[in-house]
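Whenever a hint applies, use it, and build me the whole structure from the sequences.
If you're matching them up, the sequences are chains A and B in order.
Residues in the first sequence are numbered from 1 upward in steps of one, following our numbering.
Residues in the second sequence are numbered from 1001 upward in steps of one, following our numbering.
Just so you know, these hints were derived from the structure itself, not from any lab.
There's no promise every hint is true.
Unchecked claim - Computed footprint of chain B on chain A; a stretch qualifies when at least three of its residues, placed anywhere within it, have a C-beta under 8 Å from a C-beta of chain B:
#1 28-34
#2 37-43
#3 51-62
#4 134-142
Said to hold, decoys possible - Distance ranges between label pairs, derived from CB positions:
#5 B:F1509 x A:G61: 48 to 56 Å
#6 B:E1168 x A:I198: 37 to 45 Å
#7 B:N1268 x A:I198: 34 to 42 Å
#8 B:V1126 x A:A132: 43 to 51 Å
#9 B:A1250 x A:L117: 22 to 30 Å
#10 A:L154 x B:V1126: 14 to 22 Å
#11 B:E1168 x A:H106: 51 to 59 Å
To be verified - Here's a subset of chain B near chain A, in silico, CB distances under 10 Å, partners left out:
#12 F1124
#13 I1127
#14 T1202
#15 G1233
#16 F1254
#17 G1271
#18 L1276
#19 H1279
#20 L1280
#21 F1284
Note that CB positions come from ideal geometry on N, CA and C, so glycine has one too.
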Amino acid sequence: MARVSPSDVLRGTPPATPDYGDGGRRGGPARRAGITGIVLACAAIVMLFAALTSAMIVRRGLGGDWQTLTLPGILWVNTGVLLASSFALERARRALRQGRREAFNHLWLAGTVLGFLFLAGQYAAWRQLVAAGVYLATNPSSSFFYLFTVAHALHLAGGLLALIFITVCAWRLRLGPGRRTAVDVSAFYWHFMDGLWIYLLLLFRFWG
Amino acid sequence: MSSPVVHHAVHAAPRGFLRKYIFSTDHKVIGKQYYLLALFSVFVGMLLSVLMRFHMIYPDAKVSWFEKLWPTGAAGGIMTPELYLSLMTMHGTIMVFFVLTTAPQSGFGNYFLPLQIGAEDMAFPVINMLSFWTTFAALVVLLAAFFVPGGAPLSGWTAYPPLSAVGEIAGPGQGTGQTLWILSIALFCGASLMGAINFIATTIDLRAKGMTLMRMPLTCWAWFVTAILSLLGFAVLLAAGILLLLDRVAGTSFFLPAGLVVNDQILNHKGGSPLLWQHLFWFFGHPEVYIAILPGMGLTSTVLSVFARKPIFGYRAMVYAILAIGFLGFLVWGHHMFVSGMNPYTGIAFSVLTMTIGVPSAIKTFNWIGTLWGSRIRFTTPMLFALGFVSLFVTGGISGIFLGQPALDLYLHDTYFVVGHFHMIMGVAAIFGIFAGTYYWFPKMYGRMMNETLGKIHFYLTFIGVYAIFTPMHFVGVAGNPRRYADFKEFEFLGQLMPLHTFMTHAAFFTAAVQLIFLFNFFWSMKKGARAPVNPWEATTLEWTVPSPPPHDNFGGRLPEVYRGAYEYSVPGADKDYLMQNEPVAAAKTQE
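The following block contains the structure:
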């Protein structure tokens, strides 16, 4: 039975690589399109969060009803967990490049588990706010906080699905060279989610 | 001469009905699905506009089937103002999103981008399929608004708050109907983002050997820039839609100010601003105008060149003009908000930037005229519609220069002048682009020619019809006729304009009826039209090198190699008056 890689799932069946006469340095069109695609997806996400940020800046200056939100302390722990997750994925990629497949499997799994922990930590942060009586409609600052963190968590959950898929492929020994693009693209997206989270944290630390 | 790059056919054609026609990942099937979705939508949208025009001249008419369709909206068979507004909202939403955004970009773009750049398919076929079915779901959700209690929303395709945000209390349709509208638009945003990623990645990464950016047909450039506008614009509309939905269902106050009284009730919101929605909406909304029109511009450029048998005049200038229009399109959203009380200096800045768009637009227009200059035009149906596009683009563009001045816009903004303007340029010009594309590419898509006589009758009657509908709107607008009003009989000063309204309504009935000729020609030709040869128009681009219709993997496992630009017509010394893009240089030299 033909094996299906994540990039196959995203693209349908990939076209064969044409010979560009450069020894394959440019990579096949499937790989290049995969990388272009993820950069474009991140650009769309940047626009979404930029629009929400501009709305937040405008709304903060209106009405005089903005109350500064005290961020739950667990967010800083979550930040550490997310950064550790990205670090594990990078170590995993290095292991894969060096051909240490078992190390890759363990490190990638660790990164995935840390990703789950981050989401659990975010849920704990929302529960803490609710316990303190801060709901979505309590104040515009809390509205934006829930909106931004839930939007980030949903995008991160999408990335987590990709990490799980690769984990399953890896543990079933089905991570051939054709799937390196999926590994790279997932890791890129995950690091982007890190950067986005740090941006949101700073936004609320200094503007929220 | 280097040999063409050999590709093995890795796509086996799917066999089952579902995989072949319904959940297909083939860009050609998806392109046709989008086109047919838009064709269905345009007739629904047109029917709504005919009902609106009817009501304007016969506001007291009792029509029994109105009551059957809308028992509360047309109790006793007489259309209420609320029903009129819901028809207007749905007309605008269906036409802007499901016709003008869908047919030229997602329909023709999906079908012909891979063929024109020499690729076997789009970069992400499965995402392509998801994108279509999400669009389909968005249309179903939107049309469902007609069938929920209260009916369709009243707030127009721009959905300005507070009306769109306060819920059922604001009137029928503002409850479930408006919520469905927002959900539909959110789905459409998701679908458009997936489509945009696909278009950009395909254009960047899947071009055949030799297909440099500056050899791409202008259609591909237009789809590429349109996809960039979609990527940046729809993400912002999605953000705005989420905020609006939260204001409606979660009690937040993003767009709703304090102390708002609706139907004698004080609402429990505070601190928000309806203008915030306008900024977010029009940051998307203005680029959306170019999303609708750019593919038509690209197609017009190609069709004029093919049937004038001349290279497009100023290819590079055309490319830079498309890029400039795309870039400037993001800097002018404020010209939709001159009457919002903005600082006059801000208004002037937006006005100057708006005028600046006139420069690349004029470059395109002059280059189209330059292409036609001294040529021996083949007046085929696609050529007639492309010429019609140029005419409508100029007419609609010139009234845009009036509206781009804050001082004039303050007077004209809420009048029929604006309705005339945007229908000419965004509505009808874009639709003429779609018609030109249909007559031009139908032979490739369905393997048969459309009937030329019916096509020409369709063109001339439609051309006369649309000018008859939309030109008088400018006059009644200058005379102060407000837009969005269901009924003018309460206003004495509008009485003298009613003959013009009567004329416009009859012109609308006539033009709508003429479209049945097109519909007949389209479906009749699909079955009974003359068999189309590979290259019936003697055009140069790659889609005309493959059979009509093309096989599942487009180029039969051998990707083409490209040696020249897309507009090599009337080449001096060549034995025929055009050179295909994949014709090797050596062959051309021997012809010289």
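Provide an ascending list of the numbers of those earlier hints which the structure does not satisfy. Failing hints: none at all.
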